[in-house]
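There are 2 protein chains.
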Amino acid sequence: MSAHNTIAIIGGAGAMGGGLASAFLRAGRSVVIGSRDRARANAAASALAADTAHADVTGLSNLDAAKSAPEIVVLTVPYANHLNVLREIQPGLDNKILIDATVPLRPPKVARVQLPEKGSAAVEAQAFLGASVRVVSAFQNVSAEKLKTGAPNCDVLVAGDDVDARERVIALAQEAGMAAWHAGPLDNSAAAEALTSVLIHINKRYGATAGAGIRIVLD
Amino acid sequence: MSAHNTIAIIGGAGAMGGGLASAFLRAGRSVVIGSRDRARANAAASALAADTAHADVTGLSNLDAAKSAPEIVVLTVPYANHLNVLREIQPGLDNKILIDATVPLRPPKVARVQLPEKGSAAVEAQAFLGASVRVVSAFQNVSAEKLKTGAPNCDVLVAGDDVDARERVIALAQEAGMAAWHAGPLDNSAAAEALTSVLIHINKRYGATAGAGIRIVLD
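Residue numbers (my numbering), protein chains in the order written: chain D, 1 to 219; chain H, 220 to 438.
Keep in mind the hints are simulated off the structure, nothing from the lab. Note that the structure is predicted; figures quoted are calculated from it, not measured. Where hints are given, some of them may not hold.
Under the rule of at most 20 Å between Cα atoms (straight-line distance), these lysine to aspartate or glutamate pairs were calculated in the DMTMM-like manner [stated by the list, open to error]:
hint, chain 1, residue 1, chain 2, residue 2
1, H, LYS328, D, ASP162
2, D, LYS148, D, ASP56
3, D, LYS204, H, ASP283
4, D, LYS109, H, ASP380
5, D, LYS204, H, ASP381
6, H, LYS315, H, ASP283
One-sided and incomplete, this derived list gives chain H residues near chain D with beta-carbon spacing under 10 Å [stated by the list, open to error]:
hint, residue
7, ALA409
8, LEU418
9, THR428
10, ALA431
11, GLY432
12, VAL436
Built from N, CA and C at the ideal position, the CB exists for glycine as well.
Isolated chain D, as found in the complex (with noise of 0.2 Å):
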């Protein structure tokens, strides 16, 4: 495994993890799957592998996969365990920039927008880290059925505080076949999560059965 070229997915087992997976081992990364179960991880790593030619993949316990990353982490989590995940990986993750992709849905009106009391999950997580974690906030506007199935029909925001990291990210999505955008501050991330339960709407009333998206259009 090329270690300087490793991405982590903590809550990499679920199905966005497995999204983002699937597009960061197309682009030629390592990937290291992380989750509160490392027989889960194992299980998920191995789908990876037998799904794509060639992918250096493998499954960790969360704070070992962030541990591994040298650079990037990504999280992924039911917003139920967003704050103990965040809790578990925090050791593994100074210095480093940490993706955050989770979305406050709250079961079942996941088709009704709830964002918490700090405006968005993403705020939530840096509130916590502190100031040693870039975070930055992607990837909440992709499904993870467009993820397995190469380029997605769909657009990128980035929202973060910090202007090289949030390139960073732009730059790791584009390599992974998307168009990303700068979308401002970390705060800005609320517009991207709320938006995800808009779009859960859409697809029930308009049957998107890959999941629906944006795209900006300048003009």
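Keeping the supplied structure of chain D fixed, place chain H upon it in accordance with the hints.
What follows is chain H alone, placed relative to chain D:
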């Protein structure tokens, strides 16, 4: 003036109100411009009449404008005036649809999402007005510039708790040349309102002179 056809635009002397007025006039609607300053309302109406062939447009006070529209009143005012103007027009809104296009921007940081405590301006409007008015949120992500020049290259998210009212607003947007989508309950207005700050950021960063917008892609 064919009164049954009339749309009132509260805050219609502003840029966004003028853009919406142009679009509705081109669609053959009668428009009444409301302003706190009757003279400004008249001046805006005269300018619109000069710009648009056969335009049936007049200017009135905010309250008289609201009263003059039999079914649909549009509200687009600076967020700082939102509650005051709601108080002013409330006597003219009973049993009507209020389309709230107001975005809770807080100058000078208009490219930063700063949603109100209740989650969105539209939810605040509904809470203030009570059940006798059906509040529908729309048009936050369409620039005034695009509205002035025919069918805008962007989509409209339409959120509201009353599905029939939402349908009427979608039909109105379509009349005016826009693609409009059911975006779910009024709480989902938070997505469109937050997205406006993201689009302002994108306008600055990428130089979108006519104003960036979004398109929904289904698959």
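Hint check results:
Between LYS328 of chain H and ASP162 of chain D the alpha-carbon distance is near 17 Å, which keeps this suggested pair within the 20 Å criterion. Between LYS148 of chain D and ASP56 of chain D the CA atoms are separated by roughly 16 Å; this keeps the pair inside 20 Å, and the hint holds. Taken as a hint, the LYS204 of chain D and ASP283 of chain H pair is broken in the structure, with Cα atoms around 40 Å apart against an allowance of 20 Å. Distance hint between LYS109 of chain D and ASP380 of chain H is fulfilled; the C-alpha atoms sit about 14 Å from each other, no more than 20 Å.
Only pairs whose Cα atoms come within 20 Å are accepted, and LYS204 of chain D paired with ASP381 of chain H is accepted, the gap being roughly 17 Å. As the CA atoms of LYS315 of chain H and ASP283 of chain H are separated by approximately 14 Å, the hinted pair is consistent with the 20 Å bound. The criterion of a C-beta within 10 Å of any C-beta in chain D is met by ALA409 of chain H, whose closest approach is roughly 5 Å, and the hint holds. For LEU418 of chain H, the suggested interface contact is upheld, since its CB lies about 8 Å from the closest CB of chain D, less than 10 Å.
At a threshold of 10 Å, the smallest CB-CB gap from THR428 of chain H to chain D is about 7 Å, leaving the interface hint in force. Against a cut-off of 10 Å between C-beta atoms, the interface hint on ALA431 of chain H holds, since the closest Cβ of chain D lies about 5 Å away. Among the interface hints, the one on GLY432 of chain H holds; its C-beta lies about 5 Å from the nearest C-beta in chain D, closer than the 10 Å criterion. Of the supplied interface hints, the one on VAL436 of chain H holds, with its beta-carbon coming within about 5 Å of a beta-carbon of chain D, less than 10 Å.
Of the numbered hints stated above, the single one contradicted by the structure is hint 3.
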